[in-house]
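Novice: One-letter residues, chain by chain:
2 protein chains.
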Amino acid sequence: MVLRLDTRSGDFEAAFREFLGGKREASADVGETVSAILEDVRSRGDEAVIEYTRRFDRLELTPDTLRVSAAEIDEAVSKIDRDLYDALAVAADRIGAFHGRQLPEGFCYTDNAGVRLGQRWTPVSAAGLYVPGGTASYPSSVLMNAIPARVAGVGRVVMVVPSPDGVINPLVLLAARMAGVDEVYRIGGAQAVGALAYGTQTIAPVDKIVGPGNAWVAAAKRQVFGTVGIDMIAGPSEILIVADRLNNPDWIAIDLLSQAEHDEAAQSILITDDAAFAAEVEKALEARLGLLTRGDMARRSWERHGAIILVEDLLRDAPSLVDRVAPEHLELAVAEPDALLERVHHAGAIFLGRYTPEAIGDYIAGPNHVLPTSRTARFSSGLGVLDFMKRTTIVGCSADALKCIAAPAARLAHAEGLQAHGLSIETRLDDSAR
Amino acid sequence: MVLRLDTRSGDFEAAFREFLGGKREASADVGETVSAILEDVRSRGDEAVIEYTRRFDRLELTPDTLRVSAAEIDEAVSKIDRDLYDALAVAADRIGAFHGRQLPEGFCYTDNAGVRLGQRWTPVSAAGLYVPGGTASYPSSVLMNAIPARVAGVGRVVMVVPSPDGVINPLVLLAARMAGVDEVYRIGGAQAVGALAYGTQTIAPVDKIVGPGNAWVAAAKRQVFGTVGIDMIAGPSEILIVADRLNNPDWIAIDLLSQAEHDEAAQSILITDDAAFAAEVEKALEARLGLLTRGDMARRSWERHGAIILVEDLLRDAPSLVDRVAPEHLELAVAEPDALLERVHHAGAIFLGRYTPEAIGDYIAGPNHVLPTSRTARFSSGLGVLDFMKRTTIVGCSADALKCIAAPAARLAHAEGLQAHGLSIETRLDDSAR
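Those sequence lines, one after another, are chains L and F.
Residue 365 in my numbering sits at position 365 of the first sequence; the count goes up by one each step and never skips.
Residue 201 in my numbering sits at position 201 of the second sequence; the count goes up by one each step and never skips.
Bear in mind the hints are in silico, worked out from the structure with no lab data behind them.
Just so we're clear, the structure is a prediction, and the values are computed from it rather than from any experiment.
Mixed in with the good hints, there may be bad ones.
Any copy will do: because identical chains look the same in the list, a pair fits if it lies in one copy or spans two.
Okay, derived cross-link-like pairs now, DMTMM-like style, lysine to aspartate or glutamate, Cα gap no bigger than 20 Å in a straight line [claimed, not checked]:
| # | residue 1 | residue 2 |
| --- | --- | --- |
| 1 | Lys-283 | Asp-431 |
| 2 | Lys-403 | Asp-83 |
| 3 | Lys-403 | Asp-86 |
| 4 | Lys-23 | Glu-39 |
| 5 | Lys-283 | Asp-86 |
| 6 | Lys-403 | Asp-250 |
| 7 | Lys-23 | Asp-83 |
| 8 | Lys-283 | Asp-244 |
| 9 | Lys-79 | Asp-40 |
With the rest of the complex left out, here is chain L:
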């Protein structure tokens, strides 16, 4: 039985708080193991990476075969079904077009005091993309992580993907090629993160590491943070659907299940103003569950973490609940979603109307599918071009401009007890440049 909440019931606030506070994932404590692997990769480089790959991926590599060659990529790509090739190409184009709009502009101006002021955006020099192996080796994630880096102007984009027993998903290699990845290495786990962060004899270090991974990868990213930048550490996926009774209940049911099928820690929530519609959705969901290949997983997710929340008035009641959940994905399945859109503040990505299933955003709409989970949309954003760039501020004073603003600056410096700070300003007023 899925959790049901009703805003009109007296204990709603307490029950909703408990629901919000619920933990969906036990975090494995692998910090020490990871720390030892990272240290080993840092000190021994390729040799350590090759040893861990032998142990964890049952694969024998040499420094020469760490990298997936262009010929191997050609070979893998040549066998890909034409329709799939084209589908990935459409996705890459659309993702590139959307992310192109995210390119920021700097500014530069001279103010009344004659001070030249500005802000400049520049890309990081090199980015590393972690791609999981096995069943979670998603070509769509390669596009979503690599294209923003390329659009940002990152000089060198490197991908690591574990190849257990020598197997790599050919679609992942195709996606890497389409997204313009420069180097692909067949390594994974904490050892691959270490290689990207510290560099080895064969792999030059990068400045930023992005991409999803298991507990070892997540722990490794946390530990190398500071040496390199990292993206967020993603938690299990979520969807919140705000739907009125005029939706096809089967559509809403399958949307809820499209999150639930990811992972049993995933979470699907429906907010509606109609109890009969909610019951119809549940019925449709049951019917669908039996037919899904990942139905058992989806059922566990739905029954453990799902919820149906009944409200009196969608427009009045839903936005504040949405903001408290701050969902990764938000569907506004109503005829006029803009009124709700304006009232909602915290969500990773929003899908408008009855014909925008969340999954369209996972693949092809254009925006990124790497989004903040676990209520972090309150303060963080999906992956984008800005994650591969940084700002530098610029100040330029002429002798006259400095005179204009020197006195208050020096006064504050001395008030803070920082004498040399004050003197560095004052001495330029009294003396000559040479």
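With the hints as your guide, set chain F onto chain L.
Specialist: Relative to the frame of chain L, chain F by itself:
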């Protein structure tokens, strides 16, 4: 003796690498202590905060006196010297004006397929600012942390500042008032970070915590990250000055010392193309050192971590060295700094020409003085308005638009083994909305 390097010497590369890799700060391992404090604040709220404040700050508080009242702020502010008041007001104005230019714009468009696409920026709901107590209680930092939050449109800005033995710097309270801080609490340490992250009976939780602090505060910020957003964990300050022989050596010397006086882990580096000029700077620096109130500290920083790097040609050789250091502060003390500016990629803030001492940026120029340290300018930025905002992407399909892009999306979903993802798209093509 300060380290001297010369790009023309055979061992330069090895020596420069060693210099770059040098650690300047031992990080205290306070993780477990902090973890216990956070857990205690999380479960006991005000009571725990009050107990830790009694123990660490020798101050007896009640839930009613946790907050600094408006009357207390009035009283403290009323005694502040008029010149200092005015200086802080000028700083607040200029910082506000610069940060106003950082406000981002979203976008919204409909593409060829008829898909509505957009990106919206919204502020976080509540931000918490940590301000250290004692000698590092800087009013300028209050402005630099609180003003970007205000400009971003953050609804509630909260400040915590420890008050050991009951003492708070009145200038810090004035800065909080000028910057529009809504609530000030006289608490500090890990307990204050815990109160901001989890909330207590008296203090509502925030969504993002920013501001500098000691090892306990830094560890607490790391640990609450995920529950709330945090800014970077700042390391010791740095300056790199690129200067030709046409500078007044005393000006360059005092600029180097203005970083060195912060902290013995601070780092000051001079890159010049003239050995005689370098010697003059060193001589001027020695002369200044003896006169500074913080001269002992500055000397330790300079002798342990400072460096003079001689190059043959500033324009040709300096930029790549600068990028490898990726300094927090970069002064380009030459007559025509723009040529260097164009060639440099990684620096937190850049100061142009002979009349722009770094200290002018610490107080009054306008850009933020919270900047990336320890080579992290390769991938991160100074504090700004964007740190208090987040992006939400928006997708809207009509029935026709969905038809246009459905096929490749569903194909990719099925190729990734995510059947419900595919079905959520396909079912909308076959069936009717209700």
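Novice: Using 20 Å as the alpha-carbon threshold, which applies to Lys-23 and Glu-39: within, between, both, or neither?
Specialist: So Lys-23 and Glu-39 pass the 20 Å test across copies only (16 Å; inside, 32 Å).
Novice: Can you give me the call for Lys-403 and Asp-86, within, between, both or neither, at a CA distance of at most 20 Å?
Specialist: Intra 63 Å, inter 16 Å, cutoff 20 Å: inter-copy only.
Novice: With identical chains treated as interchangeable, where does the CA-CA distance between Lys-403 and Asp-83 reach 20 Å or less: within a copy, between copies, both, or neither?
Specialist: Between. Shortest inter-copy distance 17 Å satisfies the 20 Å Cα cut-off; intra-copy 67 Å does not.
Novice: What label fits Lys-403 with Asp-250 when the C-alpha limit is 20 Å: within, between, both, or neither?
Specialist: Only across copies: Lys-403 and Asp-250 sit 18 Å apart there, 71 Å inside one copy, limit 20 Å.
Novice: Evaluate Lys-283 and Asp-86 at a C-alpha cut-off of 20 Å and name the case that applies: within, between, both or neither.
Specialist: So Lys-283 and Asp-86 fail the 20 Å test inside a copy (37 Å) and across (68 Å) alike.
Novice: Checking an output row: Lys-79 and Asp-40, CA cutoff 20 Å. Within, between, both or neither?
Specialist: neither (38 Å within a copy, 59 Å between copies)
Novice: 20 Å Cα cut-off: does Lys-283 pair with Asp-244 within a copy, between copies, both or neither?
Specialist: within (16 Å within a copy, 77 Å between copies)
Novice: Evaluate Lys-283 and Asp-431 at a C-alpha cut-off of 20 Å and name the case that applies: within, between, both or neither.
Specialist: Answer is between: at 17 Å across copies they meet the 20 Å cutoff, but 83 Å inside does not.
Novice: As a check of your reading, is Lys-23 near Asp-83 (CA-CA no more than 20 Å) within one copy, between copies, both or neither?
Specialist: neither (41 Å within a copy, 53 Å between copies)
Against the hints set out earlier in the document, violations occur for numbers 5, 7, 9.
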